[in-house]
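Those sequence lines, one after another, are chains A and B. By my numbering, the letter at position 35 of the first sequence is numbered 35, and the numbering carries on one by one without gaps. By my numbering, the letter at position 240 of the second sequence is numbered 240, and the numbering carries on one by one without gaps.
Hints are computed from structural coordinates only; laboratory data are not their basis. For each residue, glycine too, the CB sits at the ideal point set by N, CA and C. You may find that some hints are simply not true.
To be verified - Chain B is faced by these chain A residues, among others (derived, beta-carbon under 8 Å): (1) ILE68; (2) ALA641; (3) LEU661; (4) MET662.
Said to hold, decoys possible - Where chain A lies over chain B, by a calculated footprint (3+ residues, C-beta under 8 Å): (5) 163-176; (6) 200-206; (7) 219-227.
To be verified - Calculated Cβ distances over 12 Å to all of chain A for the following chain B residues: (8) GLY5; (9) ILE19; (10) ALA29; (11) GLY32; (12) ILE39; (13) VAL52; (14) ARG188; (15) GLU190; (16) ASP269; (17) VAL353; (18) PRO435; (19) VAL440; (20) ARG444.
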Amino acid sequence: MMYLAIVFLPLLAAAVAGLLPRLTGHLGAQIITTGILAVSAVLSLYAFYDVAYLGHEKTVEIARWFSIGAFEANWSLRIDTLTAVMLVVVTFVSCLVHIYSWGYMAEDPHKSRFFAYLSLFTFAMLMLVTADNFMQIFFGWEGVGLSSYLLIGFWYKKSTANAAAIKAFITNRVGDFGFALGIMAVFVIFGSLSFDTVFAEVDGKSGQMFQFLGMQIAAIELVAFLLFIGAMGKSAQFFLHVWLPDAMEGPTPVSALIHAATMVTAGVFLVVRCGPIFDAAPFTSGFITIIGATTAFFAATIGLVQNDIKRVVAYSTCSQLGYMFFAAGLGMYNAAMFHLFTHAFFKALLFLGAGSVIVGMHHEQDMRKMGGLWKKMPLTWAFMLIGTLALTGFGIPGTYFGLSGFFSKDVIIEGAYMAGDAGRNFGYLAFWVGVIAALMTSFYSWRVIFMTFHGKPRGDEHTFAHAKESPLSMMVPLTLLAAGALFAGVLFKSDFVGSNSSEFWRGSTVAETHESALKDDHAVAKSSNDHEPKPSDHEKKQKSGGEHHVPTWVLWSPFVAMALGFVFSWWLYIRRAGLADKWAEQSKFLHPFLYNKWYFDELYDVLFVNNVKRFGDWFWKLGDQRIIDGFGPNGFAAVTAAMARKATRLQTGFVYHYAFLMLIGLVAFVSWVVLRGVGGQ
Amino acid sequence: MADFGSNMAALLPEIILVISGLVLLLVGAFAGKKAVPAINLTIVGILLLVAVLVLLRIPDAALSLFDGALRLDALAVFGKFAALLASALGLWLAYGYLKTDKRLTTEFGVLILFAALGMMIMVSATDLLALYVGIEMQSLALYVLAASNRDSLRSSESGLKYFVLGALSSGLLLYGASLIYGFSGSLRFEGIAAAIANDASVGLVVGIVFLLSGLAFKISAAPFHMWTPDVYEGAPTPVTAFFSVAPKIAAVILIARILFDPFLQMLADWQQVVIAISVLSMVVGYLGAIMQRNIKRMMAYSSIANMGYALIAIASGTAGGLSGLLIYMVLYAITTLGIFACILAMRRAEGMVEQMDDLAGLSRSQPALAIGLTILLFSVAGIPPIAGFFGKYFIFLAAMQANLLWLAIFGAVASVIGAFVYIRVVKIIWFDEPPQQDFVPVSRVQAILVASSATLMLPAAIWFLPALYEWSEIVALSLFAGG
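The shape of chain A in the complex, shown without the other chains:
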């Protein structure tokens, strides 16, 4: 019952706010949606405690969706720790974003629609994370896609917002097509769509081959690969990332909720949820590692030079998603989930902080026109600072001191090294990419802080003079998120990836052998620093085989990368302010290349968009207008009209014509029956 309430209350809120705006009014819609989300969030927290710590997992059957032969799907909620974590993230961030929107959207004339969309999105996302079969997850998957489209294009009078919404939707279509094919493949191979059934049979099917166009493909690899295509689209991974930065055209709360904390992590969630499948598909896992690492690196490079404050954060999101994916590709599903969890807090914090800056600057997003704002907006500055520290992974290795990003990111980077050490494909590559990306992350994050809050004001004096701290409704969510960004890492580390993880997850994720090794080694490194008793150290070592140990330089490498990024950024934007611009001007290749996002949009325009447009144009003009309309409706209508004119011409008004026609008809009928009669005899 409680789970039903968590999932379906937001739908109710969306329906009330969206369908009865006259009845509720704007304020009513805001109160209803926000209130319901708050209830949902509180219930989720309890559910998290109940499931993850008391172990009350369960599956709630709601209804039969459809049943066609063996093809059946139910509406049911699968509540395990993995789901509970997602429930907390989704409802908590969503609730805060609802509150934040009170302030951010205060002047918008269509508030009730906005809040309805937000709640609808939350419902779809909850459906996604509570799904217990592939059909239901697909339902949620498409639902978030739809509400993302609606929210990106919320300001539908802005043509860029519409274009961005369409771009997001179409790019996601590509991924969704892969996902749909993956689901079909699952059904073909396993004969069922239920997670339990499918995961239980993965081992038995590992050798099975799948015939396609005369090719032999390993069945599990195929399924995993197709599912990952879906995850790539939703999580904006390399090749299908193009929509995410453009999606920043939507209102900032939307960016925080959908394009940072929840929807884009659906891909990661899918990979983790389907861990048993991916675990049995080494080739695809390698592919995931490569794509994740590439995204982490590539998005970070673009983030270095962007000037739009939201775009920097967006590319940062893209890059962090890359971290999660390569962690998952290397089998560190728990670490991926941990990073997802902490990332939700600090990235939402950064987005909402950026939103606060944008509101303070009267909807100015260009950082070149900011600067020196920290005096004007001290609270926002502080929150952004916390977010940045969390994102860059600030903390002292080997201690419990650190912000949330420190724990989760370092676990991933170290885990990557360990995986490489264990001979896993692309492990070392992922490690190095992780370190370099961390350096760049630190650089661009501090760049945002320096350009926005420090130095001299570079923008319009008038705007600067009127810049002021945002209202309370925007500050409260920031405070809560800041608390999450500060403490989520240290509080939950042992549960997510530490010694306590097997009791925490209870089999809802796949914990791989070398990951447990990593866990222990990390614990070793820590315990040695903390001078903990040796025996436990020994035990753990024995349990994990005891052959791997993370070298100290590996432990410290992310920290060094982070520090270097900070120093470099400080030097470039504070110490020698103006140098960066000079470099950018002088650069002939690198800066334009990065500034134009590796020319992906241009490439896609040339490769796909233009061709598709031309193709569509051709189909429209020739196929539809000339052939279908020409021979279909229009042709039919023209022929009908012509025949009608002829039929009317017979109507001369002369009696003898009429009589003549009657007799002709009679003669024709008589001849017909007589001839037929004769022929018959």
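Keeping the supplied structure of chain A fixed, place chain B upon it in accordance with the hints.
What follows is chain B alone, placed relative to chain A:
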């Protein structure tokens, strides 16, 4: 074989009509102008009364009267009731209209009364001569009615046209009857059926074709439809309304009876001809309707097309077909009466208007009328869930059960063209800019007729269709069990 007395007793409704018709004619001649409205209203009353009487005197089993010349069975009762009711409503509608125009005469009502009498004979005839007498009785009254507006050149022209062509069709019919008599040696349906059972010669088939041609003229089926648009347009509008309902019901039932009773054994021979007429009617009707701007001409073509659908049901040659036919005809009659009531409401201060474009903006000037007319037009276009759809549905169902799938498909395709015709009017009503002048307010009769017919078409009238269906089933089974 009943004696003379019981024969006359069974014909009591008809006898009442004859006597009251003659008496009222005399009264009208002597009472002068003042009594005219009262006489017409009396005729409406008598028609309704007789309709009730017909219903009250349903015989337990089919009665054969006058040595097999007439037959009083469920089909006859159904036909008589429908024809009488339609005639009464038609006259009631005309009454208000003619009174406003000061053209009401005693003869108008009496002619309708005699036409109704003719129809009663038509629907119960089981003898070629009785059939002919019924048809002629009805037709002669209709010819005069068409020309009843003596001051109008077009009315006179249409009456004359109708008469000349009607005479031709009567000739065809009589020739067919004589051929049938020649090859079967009997005028009675029973005798003919017996002769067919012995030997179905080509001569009989030719006779049927002639007979069908003559009857097709009466229901204005193509290619014997040519008179329809001219007469519909030329005749006074209430006459047109009457033409398009009551005589059609009677003639369709007559065709059904003659084809299903003695000639059912020759289904294979006449089916093709009926199908041909049906297809031609649908095509000609809807194609012709597309080009019309005059709403009365449009309704003329519409009725041609509707007869095409009725003929689909007849072509099926099954009990299901007959029951579908009856449902269809009743729905058609109700809808058509309602639409004509709307057309009669198209009156401006200076007089009647008949162009479709005159309806522009009706939704704003007279929303209630606009809604009613829209429902009726959707019904006749066959758009679910309005009743007209079910009329077509049962006909197509019957055709499919008789292995005439292609004919059903053809009918469905044709109805798409038809939908254009009707929905165009709906578009004019709701979306076109209104003219300067509004119509004068509708009369009470029109309002009642439009409202009740439109209401019956709506799914809200939930009892109506099932009741109709049940009745038509009983009627159909009675004929097929008896025949």
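Here is how each hint holds up against the structure:
no. : hint    : verdict
1   : ILE68   : 27 Å, violated
2   : ALA641  : 7 Å, holds
3   : LEU661  : 6 Å, holds
4   : MET662  : 5 Å, holds
5   : 163-176 : holds (count 5)
6   : 200-206 : holds (count 3)
7   : 219-227 : holds (count 5)
8   : GLY5    : 43 Å, holds
9   : ILE19   : 37 Å, holds
10  : ALA29   : 33 Å, holds
11  : GLY32   : 37 Å, holds
12  : ILE39   : 34 Å, holds
13  : VAL52   : 39 Å, holds
14  : ARG188  : 24 Å, holds
15  : GLU190  : 24 Å, holds
16  : ASP269  : 6 Å, violated
17  : VAL353  : 21 Å, holds
18  : PRO435  : 26 Å, holds
19  : VAL440  : 31 Å, holds
20  : ARG444  : 36 Å, holds
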